[in-house]
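Each chain, written out:
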Amino acid sequence: MTAPAPPTRAKTTQQRRWQESLRAWVYIAPAGLIMLFITLLPQGYQIWMAFTDFRVQNLRFNILSPATWQDYAPPWIWFDNFVRIITSDMPIENYYFGRLLLFNVVWTISNVAFHVTLGVIIAMVLNGKYVLGRRFYRALYVIPWAMPPLIAAVTWHNMYDYRFGAVNLLLAQFNQVLGTSLPTDIRWMLEGTPPIGGLLQFLPLAYYCTLVANIWLGWPFMSVVATGALQAIPSEMYEAAEVDGASPWQRFWKITLPLIRPAMVPAIMLGSIWTFNQFNVIYFISQGGPLGRTEILVTQAYKLVLNHRLYGMAAAFSIVVFLILLVFTLVNNRVTQATEAYDVA
Amino acid sequence: MWRKILRLFFGPMVDEWESWRPAKRWSVVLRQVLTQLFLLAVLLAVLFPVLWILSMALDPRDISKPQDLRLIPPGASLESFRRVLFDPYRLLCTNPSDDSTCMTFIHLFWNSLQVSMGTALFSVVTGASAAYAFSRFRFIGRQAGMLGFIILLMLPAVATMVPLFTLLNAIKIGREPLRTTLLGLAIAYASGALPFAIWNLKGYFDTISKDLEEAALIDGAGPLQAFVRVVIPLSAPALAITMLFSFMTGWSEFLMAWLFLENPQRFTLAMALQSMRGQFATPWSTFSAFSILMSIPIVVLFYILQRYIVSGLAVGGVKG
Numbered sequence: 001m002t003a004p005a006p007p008t009r010a011k012t013t014q015q016r017r018w019q020e021s022l023r024a025w026v027y028i029a030p031a032g033l034i035m036l037f038i039t040l041l042p043q044g045y046q047i048w049m050a051f052t053d054f055r056v057q058n059l060r061f062n063i064l065s066p067a068t069w070q071d072y073a074p075p076w077i078w079f080d081n082f083v084r085i086i087t088s089d090m091p092i093e094n095y096y097f098g099r100l101l102l103f104n105v106v107w108t109i110s111n112v113a114f115h116v117t118l119g120v121i122i123a124m125v126l127n128g129k130y131v132l133g134r135r136f137y138r139a140l141y142v143i144p145w146a147m148p149p150l151i152a153a154v155t156w157h158n159m160y161d162y163r164f165g166a167v168n169l170l171l172a173q174f175n176q177v178l179g180t181s182l183p184t185d186i187r188w189m190l191e192g193t194p195p196i197g198g199l200l201q202f203l204p205l206a207y208y209c210t211l212v213a214n215i216w217l218g219w220p221f222m223s224v225v226a227t228g229a230l231q232a233i234p235s236e237m238y239e240a241a242e243v244d245g246a247s248p249w250q251r252f253w254k255i256t257l258p259l260i261r262p263a264m265v266p267a268i269m270l271g272s273i274w275t276f277n278q279f280n281v282i283y284f285i286s287q288g289g290p291l292g293r294t295e296i297l298v299t300q301a302y303k304l305v306l307n308h309r310l311y312g313m314a315a316a317f318s319i320v321v322f323l324i325l326l327v328f329t330l331v332n333n334r335v336t337q338a339t340e341a342y343d344v345a
Numbered sequence: 001m002w003r004k005i006l007r008l009f010f011g012p013m014v015d016e017w018e019s020w021r022p023a024k025r026w027s028v029v030l031r032q033v034l035t036q037l038f039l040l041a042v043l044l045a046v047l048f049p050v051l052w053i054l055s056m057a058l059d060p061r062d063i064s065k066p067q068d069l070r071l072i073p074p075g076a077s078l079e080s081f082r083r084v085l086f087d088p089y090r091l092l093c094t095n096p097s098d099d100s101t102c103m104t105f106i107h108l109f110w111n112s113l114q115v116s117m118g119t120a121l122f123s124v125v126t127g128a129s130a131a132y133a134f135s136r137f138r139f140i141g142r143q144a145g146m147l148g149f150i151i152l153l154m155l156p157a158v159a160t161m162v163p164l165f166t167l168l169n170a171i172k173i174g175r176e177p178l179r180t181t182l183l184g185l186a187i188a189y190a191s192g193a194l195p196f197a198i199w200n201l202k203g204y205f206d207t208i209s210k211d212l213e214e215a216a217l218i219d220g221a222g223p224l225q226a227f228v229r230v231v232i233p234l235s236a237p238a239l240a241i242t243m244l245f246s247f248m249t250g251w252s253e254f255l256m257a258w259l260f261l262e263n264p265q266r267f268t269l270a271m272a273l274q275s276m277r278g279q280f281a282t283p284w285s286t287f288s289a290f291s292i293l294m295s296i297p298i299v300v301l302f303y304i305l306q307r308y309i310v311s312g313l314a315v316g317g318v319k320g
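Each protein sequence line maps, in turn, to chains D and G.
Heads up: the first sequence begins at 1 in my numbering, then just goes up one per residue.
Heads up: the second sequence begins at 1 in my numbering, then just goes up one per residue.
Just chain G, same shape as in the assembly (with noise of 0.2 Å):
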């Protein structure tokens, strides 16, 4: 009984203590103590950045900025949580006059959902369809294509937007151009994601072995059904991380974002909290308070794919 309780906070070291001399006794537990205060400081160091600010959040004062490092300010209050849940942004109105045509948290954050949903279904679904030719044909061009993927990588989105304003200014859906609305953002994300996208899920296709598929050949599926019955559903932990990055992709990005949309109506969070930021006087009790209702849904969906992430980032499971 005590065992049990015991193992469940020290693991297998329960069961090998009592074989232990007194001496490697003592040098595990010394060895113990260095390694969590190691591991205590580089926890502080991680968290500091947040609860800063955490207790910037709380506090009332929201222009005047804090002038003690304290984690509970004096005269906290979730009031500035309050305002950026409910209040209309005065910033982002479309008759500034009147407050009702003004944007919402709820608002943007619909729109922000909508790109990044967009932007990670593009790029797993048409990433997963074009890494899986590239993990399992051998095709005319496969080198060329292979390499063009990786060059693309390294084009930094800054110097697609010009080009692409200009591109996606041509194209007319009905009587306005695809670069103002969010479709054609998300579009423009997913090309982004789309070569870390082919990549990620390539790497991970080649670590799945072919006798599963060439079973389901024999039994007289096609590969397209091989494909989507067989590899897909082993892929679980790759596809969840690639759509996870492609979503924090499309969540965070405000620089597209700012020099495309132009209707408020459509602008997103990191738009907004972009629009915030003053030359001299943000007001930073709301920032601080928006970043963190920002960061909780990428917070949480991090959390529950993390037991994927060491398995489903293939950089690490790399086939020679």
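This is chain D alone, in the form it adopts within the complex (with noise of 0.2 Å):
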């Protein structure tokens, strides 16, 4: 005797679980247009030019009509755009592939421990049982964040001016005021000589100003996503860890540091994509200077565009920091394992 019921029953299921799958794709359809026309096309058309020579005589060639393509076309030439970037055989001065990388690395790893571990202390301090003014330091420690990054970057750079930029004059004020004799004619973002030399060689000064610049700009998200995670650890907890004998050291390894991992990990994720990808700062504070010392890709990308117009090149150039970001996300997210966190809820 055969069973009837399992197939069918199978069949509906399978039937169902189409059913649901094209109602959510009609939802996630307007989404999806729009980043297929504005996100991927534009990739694809991407890497395909990443294997030409294009120029801008080759700005007038258009996919659509036919007749711009005999005149127009760029050169195919395989892989030579990307050979050119790697082994750092391109027409721009100060480019050396690998240290812009280290550089890249470098710059993101550090700022975003700075961020981290200066928002949780704030974000802690701030939480504190009997703390007084707690509205009202949360409202003015989101300036940063709330301020238009362009116009944040280009205060700092004005900031560190040689002549007449505020971190100069505020040594000048500290030497009047307290008597000492700091130097206060730094040349900040000209600096050659790197403040700290052994393995630390390659950071030259301006490195250290975009850092503490960054730094400004980028602890109060992290403070902001700490806060919501303390706040949702019960107080019951730390009274019963105090009633039960437990130092602070104790309470913060134990209870604090677990409890907020889950809500930090995904905001170090996106902390990290942000910094790695930290244009404005860069490009305005030290502007990749000196001699490029402080370039990152995305600022190097730009300039290969603006300033050399050389399109092919800079299509490529985008589809190596793209590989390289995936690389370090994949990293850090099996250092951090992120995706527990963002995976199936």
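Don't read these hints as lab results, they were simulated from the structure.
If you're wondering where the values come from, they're calculated on a predicted model, not measured in any experiment.
Glycine included, each C-beta is placed from N, C-alpha and C at the ideal position.
Check before you lean on any hint, since a few could be wrong.
Calculated cross-link-like contacts (lysine to aspartate or glutamate; reagent style EDC-like; alpha-carbon spacing at most 16 Å) [as the list claims (entries may be wrong)]: (1) D:LYS129 / G:GLU16; (2) D:LYS254 / D:ASP244; (3) D:LYS129 / D:GLU242; (4) D:LYS129 / G:ASP15; (5) G:LYS4 / G:GLU18; (6) G:LYS4 / G:GLU16.
Facing chain D, from chain G, some residues (calculated, C-beta under 8 Å) [claimed, not checked]: (7) VAL42; (8) ILE53; (9) PHE137; (10) VAL162; (11) ILE198; (12) ALA270; (13) SER295.
Stretch-level coverage of chain G by chain D, calculated; a stretch enters the list once three of its residues show a Cβ under 8 Å from a Cβ in chain D [stated by the list, open to error]: (14) 32-40; (15) 114-128; (16) 163-173; (17) 296-304.
Hints in hand, dock the two standalone chains.
Spelled out as structure tokens, the structure:
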């Protein structure tokens, strides 16, 4: 005797699955279409461009009108662009791929480490039981985040001006009030000798300056995320731990940290991606100088487009940036186990 | 009566104070003083650049830079604010010899507003719909789609600029390419803001209990109605924050705008600001006043939405 029930039931679940999928994709369609046309299609086009020697004269090339194909199609050059990027064989000054990559990674890790540490510490202090003026501080502390990044970056650039900038003026003020003799004519962005030798020799003074500016810019985001997570921890847990004789240090490691971790990990992922591509701070504050030593990948890519008009090479460069970021995120993901946070809910 | 006023300032501490022994009182006071010192130091660091830009805006000596550190420079005036608000921008004119064809602050502001609102609406409306699907439906291609959006989050804006340029150039609206219009710019920004919008909204939708929707479905509502009538109103914080972030993208972005737009009549605030930066002689007072005026709408929005920020940022509200 055969059992007819299981096959039909399987069929209906299969049908329902298709039905649900169809409905889901209808919901996704508007966003999906925008992304398809504005992000994915250009990406496809970009991959094609990366294998060609696309220059200014090829801008007239229009893939939709075959009349332009004959005269304006860029020559296909296979992996030439990629090879020249990685072997540092590019028509721009002070370009070394290895150093650029190393700097970009060091830049990201050092920034995010400061953002998270400061953000969590300040959030914890403000979350203390009897802190006065909590709302006042919280309101003002988000200013760096609320300010348009372009303006923040240009302001910091101005503050590092060697003759009239606020930082040197502040040092002068210190000298006046405290009688110290700090130097007041430091060329923050141009100084060639690295402040810390040895292994960190490749980091010029300008790096530390941009680091300070970007810490100023980035910690409020981490602090807000940490505040949200801290507020979700029931105070009974701390009280119970206190009764059991746990020291503040133990309470931090055993209660606070594990409980804010699920919120911090995705924020760290996001922050790393943002910092890795932090265009404004580098482009406006150090402008990649001195001698291109604080250049990051995106600023270099932009200069290829704007200053050199090497569109094909810039396209190849963008693909390289993307691949590096992908690897960086996967490693980051592996280290921090972020997937468990945004995986199936 | 007194206690009420004290409680306003010192919170629940007032009621506990009397039950404490002197030693405990002292330790609480000492701790408060140290905390306040720390918080004030942070505040000073946060405000320093803001005060600096404010003092530059008040300085009447436009190009020459300050020689010392003062909040209110000698001869301080609001002249530069007046200039920014009412004078035409001679750098941005269709006909350089005729002032009436130049851009004004109001005009630039209106362009920025259009682009930013467009970006915010595009990304929130389409993003909420997609995020709902990812949050509620189990469908074929769900994992791949989610992963795809995270990967798109990683694409630097700079990377898509060149191909987007050629693509939007090829699409014509009337006689001009979509690339040179504000609509084109808003769509381009929205595509950049969408991955974050979807990610954030999906995270928030995940935290909303399904029971309410199921109740609505039993009452005879369709799935779309359940989404619009039940989930959307409950997600106000996340929607507001997502809109705010998208709006901010549109408000301060200028790289793409600079590359795409041609007609000065369509230029945005961020572009005008960028055009002011000279290699050697940036007019700092004007520049600072402009920066402050341009930041005000964002800062105001931020404060209006502040109570939503902590709850609306779903990065915090993650569910396993």
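So, going through the hints one by one against the coordinates:
1. D:LYS129 / G:GLU16: 12 Å, holds
2. D:LYS254 / D:ASP244: At roughly 13 Å apart (the allowed maximum being 16 Å), ASP244 (chain D) and LYS254 (chain D) satisfy the hint.
3. D:LYS129 / D:GLU242: 14 Å, holds
4. D:LYS129 / G:ASP15: 14 Å, holds
5. G:LYS4 / G:GLU18: 15 Å, holds
6. G:LYS4 / G:GLU16: 14 Å, holds
7. VAL42: 6 Å, holds
8. ILE53: 5 Å, holds
9. PHE137: 4 Å, holds
10. VAL162: Result: holds, 5 Å to nearest chain D Cβ.
11. ILE198: With a closest approach of 6 Å, the ILE198 (chain G) hint holds.
12. ALA270: 6 Å, holds
13. SER295: 5 Å, holds
14. 32-40: holds (count 5)
15. 114-128: Coverage by chain D holds for the stretch 114-128 of chain G (4 residues, Cβ < 8 Å).
16. 163-173: Per the Cβ count (6), the hint holds.
17. 296-304: Since 4 is at least three, the answer is holds.
Every hint, counting from the list given before, is met by this structure.
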